[in-house]
Amino acid sequence: MAENADLLALLAEMKKSMEKGQEEMRKGQEEMKDEMRKGQEEMKNEIQTHVESKVGEIKDHVNSCIEKIEEDVQSVRREIGEVKGGVERKIEEVEDKVQGKIEEVKEKVRVKIGDLEKRLSELEDRPINFPANPDLRYSRPTVKSLTFDGSSSGNTF
Numbered sequence: 001m002a003e004n005a006d007l008l009a010l011l012a013e014m015k016k017s018m019e020k021g022q023e024e025m026r027k028g029q030e031e032m033k034d035e036m037r038k039g040q041e042e043m044k045n046e047i048q049t050h051v052e053s054k055v056g057e058i059k060d061h062v063n064s065c066i067e068k069i070e071e072d073v074q075s076v077r078r079e080i081g082e083v084k085g086g087v088e089r090k091i092e093e094v095e096d097k098v099q100g101k102i103e104e105v106k107e108k109v110r111v112k113i114g115d116l117e118k119r120l121s122e123l124e125d126r127p128i129n130f131p132a133n134p135d136l137r138y139s140r141p142t143v144k145s146l147t148f149d150g151s152s153s154g155n156t157f
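Using UniProt numbering, read the sequence shown as starting at 1 and increasing by one per residue.
The hints are simulated quantities; they were obtained by calculation from the structure and are not laboratory data.
The C-beta atom is built at its ideal place from N, Cα and C for all residues, glycine as well.
The reader is advised that the hints may include incorrect statements.
Below, a list of computed lysine to aspartate or glutamate pairs in the EDC-like style, where the Cα atoms sit at most 20 angstroms apart [unchecked claim]:
(1) Lys54 <-> Glu42
(2) Lys68 <-> Glu57
(3) Lys44 <-> Asp34
Computed spacing ranges between beta-carbons, pair by pair [stated by the list, open to error]:
(4) Lys84 <-> Ser64: 26 to 32 angstroms
(5) Val51 <-> Val83: 43 to 49 angstroms
(6) Gly21 <-> Met43: 29 to 35 angstroms
With the hints as extra help, turn the sequences into a complete structure.
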């Protein structure tokens, strides 16, 4: 029985040793789980940091593009303003030239009207005589009057 007792003691010791080993394995598994959680958390944080970094780079790039577009828009607006100013100046020049021509024509018309009025007035004031141009003159019949002596005089009426 002593052998049995030794065997039982050995079995009990083995059982304790196994339980201790199982406990160590559980602790090891828990530590591994903790390490895995920590590793996953660390990877998650690294990924998050990387994504945030890339998002920041993209935002910076987008903002840079927006600034460039705004500069281009301002440049185009300036050019439009310059062209508009040039067009307005050209319109004013043309209007001035046209107005000058209108005034010239008005003055010429006034002078011609004045000349026509003067000629019309002269025609109204002048008796109706035709110029002494022989081509335009018509011949009047001549009447020779008789004199007391029976000869005719050369008077024309």
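Now the hints, each set against the structure:
1. Between Lys54 and Glu42 the CA atoms are separated by roughly 18 angstroms; this keeps the pair inside 20 angstroms, and the hint holds.
2. Simply put, Lys68 and Glu57 have alpha-carbon atoms about 16 angstroms apart, close enough for the 20 angstroms limit, and the pair holds.
3. The straight-line distance between the Cα atoms of Lys44 and Asp34 is roughly 15 angstroms, inside the 20 angstroms bound, and the hint therefore holds.
4. Against the hinted window of 26 to 32 angstroms, the Cβ-Cβ separation of Lys84 and Ser64 comes to about 30 angstroms, which satisfies the hint.
5. Separation of Val51 from Val83 is about 47 angstroms and conforms to the stated range, judged on CB atoms against 43 to 49 angstroms.
6. A beta carbon spacing of about 32 angstroms between Gly21 and Met43 agrees with the range 29 to 35 angstroms that was offered as a hint.
Checked against the numbered hints listed earlier, the structure breaks none of them; every hint is satisfied.
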